[in-house]
Amino acid sequence: MPPMPAVEKPLLRGVLHQAAFAVSLVVGTLLVVGAEGGRHRLAAAVFAGSAAACFGASALYHRVTWTPHMRLWMRRVDHAGVYLLIAGSYTPVSLLVLRGAWRPVVLAVVWGGAVAAIVLKFVWVAAPKWLAVAIGIALGWVAVVALPQLATRLNPAAFVLLVVGGLLYTAGAVVYARRRPDPFPTVFGYHELFHALTIVAVACQYVAIAFYIVRAG
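Counting in numbering that gives the first Met the number 0, the sequence shown runs from 0 upward without gaps.
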């Protein structure tokens with residue numbers, strides 16, 4: 000695949016995720032420290048680490064001026080961070096909320112799917128955008144199969160926050176795939192909107208996990 004041509008970025012490209020990375024380090028540490036016991040702390044660390052990795056990779060990719068060759072590699076790392084975040088977000092819910100066979104099944108499907116998607120990104124560089132988006136949305140809604148158990152075991156507020164987070168992720172993926180709405184292309188375009196939706200989605204999940212899951216399981 001030929002190197003990616005240089006393109007002019009909107010003024011705020013990567014700025015939101017750069018700020019989110021810094022915030023995620025602080026609130027992620029608080030989440031791990033405040034978790035109850037070893038299993039809760041492990042689940043909190045996986046979620047916090049995946050969020051920091053996703054935001055950090057995105058900020059690094061978008062804020063640094065890379066050579067065309069390195070930009071190809073950094074785009075793969077950036078996209079890999081998204082799949083890592085999806086799997087990391089599922090870990091506290093699966094490990095601390097689900098019971099019976101659902102726990103290992105959901106964990107295996109989400110982490111297996113995330114690893115497969117990351118490998119695909121590095122192997123098939125020219126994979127169409129719609130495929131990456133479709134895989135991300137599919138992985139993001141794996142929990143639908145265990146919805147009855149989640150609805151009964153989760154605090155109602157946590158359940159609503161997780162659903163809202165999932166809807167925001169999906170909305171962001173659609174914006175990314177369609178490249179619209181593109182409100183202010185030279186400053187805050189469709190990609191910045193996608194980043195903003197991702198941040199709010201992670202915030203919803205963080206509140207649910209911090210106050211209702213890692214301290215309540």
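None of these hints come from the bench; they were simulated from the model.
There may be inaccurate statements among the hints.
[What the hints assert, rightly or not] Ranges between beta-carbon positions, derived for each pair:
(1) R62 to K128: 18 to 24 Å
(2) P155 to V63: 27 to 33 Å
(3) V163 to R62: 46 to 52 Å
(4) H68 to V114: 38 to 44 Å
(5) W140 to M69: 32 to 38 Å
Just so it is clear, the structure is predicted and the values come from calculations on it, not from any experiment.
Each residue gets a CB set at the ideal place from its N, CA and C atoms; glycine is no exception.
Against the structure, the hints come out as follows:
1. Look at R62 against K128: about 22 Å separates their beta carbons, and that is inside 18 to 24 Å.
2. Our hint of 27 to 33 Å for P155 and V63 is violated, since their Cβ atoms are close to 43 Å apart.
3. Judged by the Cβ atoms, the range 46 to 52 Å given for V163 and R62 is violated: they are separated by roughly 28 Å.
4. Between H68 and V114 the Cβ separation comes to about 25 Å, which falls outside the hinted range of 38 to 44 Å.
5. The given range of 32 to 38 Å is respected by W140 and M69, whose C-beta atoms sit roughly 34 Å from each other.
When each numbered hint is compared with the structure, violations occur for hints 2, 3, 4.
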